[in-house]
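**Q** This is what each chain is made of:
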Amino acid sequence: MKIYAALSAVTLAVLVATTSYAVEPDEMLADPALEERARIISQDLKCVVCQNETIDESNASLAQDMRRLVRQRVLAGDSNQAVLDYMVDRYGDFVLLRPRVTGQTVLLWFGPFALLLLGGLIVARYIRRPSITTVQALTPEELAEVEALTKDSNTRNDS
Amino acid sequence: MSEGTSKPSSGRLTAIAPIIIVLLLVAVFAKRLIDVQDGLDPNQVKSVLLDTPVPDIDLPPLPERGPGLATENLKGEVTLVNIWGSWCVACLSEHPLLMEVAAENTIPLHGIAWRDEPQASLRWLARNGDPFDLIGQDPFSEAAIAFGVTGAPETFVVDSAGVIRYKHVGPITMTDWTETIAPLVEQLRQ
Amino acid sequence: MNPEIGHYALALALPVALVQAFVPLIGATRRDAALMAVAGPAALLQMLLIGTAFAALTQAFIASDFSVMNVYQNSHTAKPLLYKISGVWGNHEGSLLLWVAILAVFGAAVAAFGAALPDRLKARALAVQGMIGAGFLAFILFTSNPFLRVDPTPAQGLGLNPLLQDPGLAFHPPMLYLGYVGFSMAFSFAVAALLEGRVDAAWARWVRPWTLAAWSFLTVGIGLGSWWAYYELGWGGWWFWDPVENASFIPWLTGTALLHSAIVVEKREALKSWTILLAIITFSLSLLGTFLVRSGILTSVHAFASDPTRGVFVLVLLAIAVGGSLTLYAIKAPKLEPGGLFSPLSRESGLLLNNLFLATAAATVLLGTLYPLIAEALELGTLSVGAPYFNTVFVPLMVPLVLLMGIGPMMAWKRSDLAGVLGRLKGALVGVVVVFGIALALSGVDIIDIAGSAGIALAAWLFFASLTEWAGRVRLFKSSPADLWKRVSSLPRASHGMTIAHLGMAVLIVGVSGSSAWKQENILTMGAGETVTVAGFDVTFDGAELIRGPNYESVQGTFSATRGGGKAVTLKPERRVYDQPVQQTTEAAIHTTFWADLYIVLGDGPADTGRYVVRAYFEPFVPFLWYGILMMGFGGLVSLSDRRHRIGAPRKAAAIAEPIKA
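As they're listed, the protein sequences go chains A, B and C.
Residues 1 to 159, numbered by our numbering, are exactly what the first sequence covers, in order.
Residues 1 to 190, numbered by our numbering, are exactly what the second sequence covers, in order.
Residues 1 to 662, numbered by our numbering, are exactly what the third sequence covers, in order.
The following block holds chain A by itself, in its conformation from the complex (with noise of 0.2 Å):
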């Protein structure tokens, strides 16, 4: 599972002398809902040392430092579009884990959602094949064929 992602942190970790883990008390700001809406924005913004880490969540020194300055900004008053945006400026749209949506990422947001739609639309043909055969009219041939079975199979079913 993990096992990577955590071999990764443990690599860092030996690399960026001390650790800590994940949000530490210190750096929590004293208004909750301030400190709510830094968790929330932390949680979609990526370690950008690490692997498929959030820096609310990684014990990478950077991701510490990001968190912190995550902080400020929204002590600072920015909303939390402007504190993402702060962080694309600088990093780029790496440091997104949830991507913007843009011309580049259209077939990621959209994408499952038409395979939903053209899977839909093969189901129904497939579901409506008989039609296919049945729109044909019957031969005089066929059609007493069919009640000789259907009389047969209703004899059958009776008993």
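What the hints contain is simulated information worked out from the structure, not anything from laboratory work.
From the three backbone atoms N, C-alpha and C, an ideal C-beta is built for every residue, glycine too.
Any given hint could turn out to be false.
[To be verified] Pairwise CB distance ranges (calculated):
#1 A:LEU75 <-> B:VAL89: 49 to 59 Å
#2 B:PRO139 <-> C:TRP595: 41 to 51 Å
#3 C:SER641 <-> A:ALA114: 38 to 48 Å
#4 B:PRO61 <-> C:PRO154: 46 to 56 Å
[To be verified] Heads up, simulated SDA-like pairs for lysine to any residue below, C-alpha to C-alpha not over 20 Å straight-line:
#5 B:LYS31 <-> A:GLN104
#6 B:LYS31 <-> C:PHE313
#7 B:LYS31 <-> C:VAL312
#8 B:LYS167 <-> A:ILE40
#9 C:LYS332 <-> B:ILE19
#10 C:LYS519 <-> A:GLU36
#11 C:LYS335 <-> B:ILE16
#12 B:LYS31 <-> C:LEU380
#13 C:LYS335 <-> B:PRO18
#14 C:LYS519 <-> A:ILE40
#15 B:LYS31 <-> C:LYS332
#16 C:LYS519 <-> A:GLN43
#17 C:LYS519 <-> A:ARG129
#18 C:LYS414 <-> A:VAL123
#19 B:LYS31 <-> C:LEU366
#20 C:LYS335 <-> A:ARG129
#21 B:LYS75 <-> B:SER160
#22 C:LYS335 <-> B:ILE19
#23 C:LYS519 <-> A:ARG37
#24 C:LYS332 <-> B:ILE20
#25 C:LYS572 <-> C:GLU553
#26 C:LYS335 <-> B:THR14
#27 B:LYS31 <-> C:ILE320
#28 C:LYS519 <-> A:GLN104
#29 C:LYS332 <-> B:PHE140
#30 C:LYS335 <-> B:LEU13
#31 C:LYS414 <-> A:ALA124
#32 C:LYS332 <-> B:ASP35
#33 C:LYS519 <-> A:PRO32
#34 C:LYS332 <-> B:ILE16
#35 B:LYS31 <-> C:ARG310
#36 C:LYS332 <-> B:THR14
#37 C:LYS332 <-> B:ALA182
#38 B:LYS31 <-> C:LEU378
#39 C:LYS572 <-> C:GLY168
Based on the hints, put chains B and C in the right spot on chain A.
**A** Coordinates of chains B and C only, in the frame set by chain A:
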């Protein structure tokens, strides 16, 4: 009930679609493998700050070591900014090269002591030599994040207008220096 | 046993696998019984050889034979026996050996117990197994040989990563591989059927038990990994949408789809080419999962170089296996007879929609996982895709699926009466409303409370609807106790299995929704004697002490927790430093009630103050995740024990099966 007998051509299309998707994916993987073998680190990002002005910084100096490092120090001539720390093992491997660059004394080389105890930074410089002109302390990664740094060492080439023109991630090797950085500095000077 | 014997056996297994791959195949084409008969003995010999190799490596690990490079790099004399053994597959080379060993056992099982199989199908299926085996053996022998020696012999090994020294993770890889490799059987049967140009109910009956077994193992395997991440990594989370997790989850999704579409083939001979495609895709995705993490393509750890030859080898193997089978599919699938017809309102349609949602979900997870690669290849820039994306897109795909899961099992084959079905589900609907009301009343009316309660209500829908379906089948309220028992015991095991697995899914959804919505977290520094309140628990820190484990040192904290003045429970979270390799791990202390976990992590303290950073989490409904997964795995096994699977399918395709009527 009868079996449906029609075989629309779309059936053939849906039969071929999977193999096409797989071939495309294989191509993507192959490209990635080649990139990785060419030394591209999947985690490494092109800096979005290329060709933008250096961020606003005003870092305090190390104790008893001249002035700190501020944005205005990065304007007026082509400069190098190196992000390092005494805890950074890889920084040691590029250090002799930085010392050589400093000895030539042709280009200002500034340092940002990233996330380091000031005394530890000073001890490290005393032991290994001090190639830097100005050094600013960055204990809380303010400058590092402003520069979009993802690890140490990283080195930026800043032109005389104070615009970031190049970012080198990881230790600089002799080849990096002679083939990429030195020619770029030369070119920016003209 | 000498490692060279293992090495020799492994090298010998490759030509045997090649013989198994090609001789029976030629035999099947020429209808030569003698050539086809080679398949069985070859498969048995393969098991013997690979079994020998596996035993030799295990022996080297148990005996701490550090002259073997693999043992030197991944083991240590001071390690407990269990982790010496699990160290065999706790590394790249050894895990591949485990993979082929399981493959060989499964192949031998087909050879030994597949007497009822049509000869040509059996020969071809075993041949495909031989090809897979040959590919893996070549990969092991040429790029990842576990038997290489070191000279001179080191006195001590480097040790196993302490994160992997854990019971949950010791059994996680074997379970996953049992799942992946089980899907290889479905794959082999699918390719064999394509070569044969014939898919019928009998084929589906052969494929289903393998798929069921594989699915059950994979379910439990993923569950074990998630459980491990939950208690070992100390984040209090259980799913991170990490590429490595996704790699096992994607085949689970398509495997679940396969499990259901194979029923349609078995009962109604419809959806044949789709089922074949799913069998191919599911195993292909298993291969992708096995390899993505090893090739350096996706999760190349910062600053580590991966072996490029492995990556190339992997890609070539993948291209041959997946490309070959899908090319065959493209040629043969359009020629398969189209199956029986059914109305838009029927069990078949329900299962088809199930497949649509599961396949889309799988494609979505795959897309999200690979998108950074795709974007880079198309030069759309560097971007990341993480948990927020997956949660946003995945949930809307799952909700309709779960709604459908309540209705589908009650629909009749061919043509069903939706109004009648919904009428029978009135009671379940009432139950859903009641549960939703209770959940809201107990939690609150914030957005997050409503979302959490809606998740619980969704689970209630599935739970009550599944029970209604089961009750209807056994006529729970309409028969005498003796009669009821007769009905319960005469109902096919597969039906019981389905009900248990669907109930398990409902329980799992309670866990997912509840823990996502109402997790509580308290991060603070504590000194001895201080108390913090978390979700009604009064948690007192009694102090911390240094203790010595078998191969680690640990700071162990002691906490006592009480709720409402009840009896105190003691929690002892640790922060360990292992001797070899020197590495720090966090051992969370978890107090489990039936409904929730109290989860405490001990962090570092400010130096010399006697105070520690403490993370106390209240994790509501997390135990339901594990109950749900166990129920799903158990349901799969109950279904597997169905008489029809045990006595084997009749050689002739059964006539279109009648819907089961009482």
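**Q** Decide, hint by hint, whether the structure agrees.
**A** Each hint, compared with the structure:
1. A:LEU75 <-> B:VAL89: 49 to 59 Å: At 35 Å between Cβs, range violated.
2. B:PRO139 <-> C:TRP595: 41 to 51 Å: 45 Å, holds
3. C:SER641 <-> A:ALA114: 38 to 48 Å: With a Cβ separation near 41 Å, SER641 (chain C) and ALA114 (chain A) satisfy 38 to 48 Å, so the hint holds.
4. B:PRO61 <-> C:PRO154: 46 to 56 Å: 48 Å, holds
5. B:LYS31 <-> A:GLN104: This hinted pair holds, its Cα atoms lying about 19 Å apart.
6. B:LYS31 <-> C:PHE313: Holds: LYS31 (chain B) and PHE313 (chain C) sit about 14 Å apart, inside 20 Å.
7. B:LYS31 <-> C:VAL312: 11 Å, holds
8. B:LYS167 <-> A:ILE40: 31 Å, violated
9. C:LYS332 <-> B:ILE19: Given pair LYS332 (chain C), ILE19 (chain B) holds - Cα atoms ~13 Å apart, limit 20 Å.
10. C:LYS519 <-> A:GLU36: 13 Å, holds
11. C:LYS335 <-> B:ILE16: 13 Å, holds
12. B:LYS31 <-> C:LEU380: 14 Å, holds
13. C:LYS335 <-> B:PRO18: 17 Å, holds
14. C:LYS519 <-> A:ILE40: Holds, because 14 Å separates the two Cα atoms, which is no more than 20 Å.
15. B:LYS31 <-> C:LYS332: Distance of about 31 Å is beyond 20 Å: violated.
16. C:LYS519 <-> A:GLN43: With Cα atoms ~15 Å apart, LYS519 (chain C) and GLN43 (chain A) stay inside 20 Å; holds.
17. C:LYS519 <-> A:ARG129: 49 Å, violated
18. C:LYS414 <-> A:VAL123: 15 Å, holds
19. B:LYS31 <-> C:LEU366: 18 Å, holds
20. C:LYS335 <-> A:ARG129: Roughly 17 Å between the alpha carbons, so the hint for LYS335 (chain C) and ARG129 (chain A) holds.
21. B:LYS75 <-> B:SER160: It holds: about 5 Å lies between the C-alpha atoms, which stays within 20 Å.
22. C:LYS335 <-> B:ILE19: Answer holds: LYS335 (chain C) to ILE19 (chain B) is near 17 Å, not above 20 Å.
23. C:LYS519 <-> A:ARG37: The hint holds at about 16 Å.
24. C:LYS332 <-> B:ILE20: 16 Å, holds
25. C:LYS572 <-> C:GLU553: 14 Å, holds
26. C:LYS335 <-> B:THR14: Distance of about 13 Å is within 20 Å: holds.
27. B:LYS31 <-> C:ILE320: 17 Å, holds
28. C:LYS519 <-> A:GLN104: The given pair, whose Cα atoms are some 35 Å apart, is violated under the 20 Å limit.
29. C:LYS332 <-> B:PHE140: 63 Å, violated
30. C:LYS335 <-> B:LEU13: OK: LYS335 (chain C) and LEU13 (chain B) at ~13 Å, within 20 Å.
31. C:LYS414 <-> A:ALA124: 15 Å, holds
32. C:LYS332 <-> B:ASP35: 36 Å, violated
33. C:LYS519 <-> A:PRO32: Measuring from Cα to Cα gives roughly 16 Å; hence the hint holds.
34. C:LYS332 <-> B:ILE16: Satisfied, since the Cα-Cα distance of roughly 10 Å is no more than 20 Å.
35. B:LYS31 <-> C:ARG310: Holds, because 15 Å separates the two Cα atoms, which is no more than 20 Å.
36. C:LYS332 <-> B:THR14: Answer holds: LYS332 (chain C) to THR14 (chain B) is near 12 Å, not above 20 Å.
37. C:LYS332 <-> B:ALA182: 61 Å, violated
38. B:LYS31 <-> C:LEU378: Roughly 10 Å between the alpha carbons, so the hint for LYS31 (chain B) and LEU378 (chain C) holds.
39. C:LYS572 <-> C:GLY168: Holds - the C-alpha atoms of GLY168 (chain C) and LYS572 (chain C) are around 19 Å apart, at most 20 Å.
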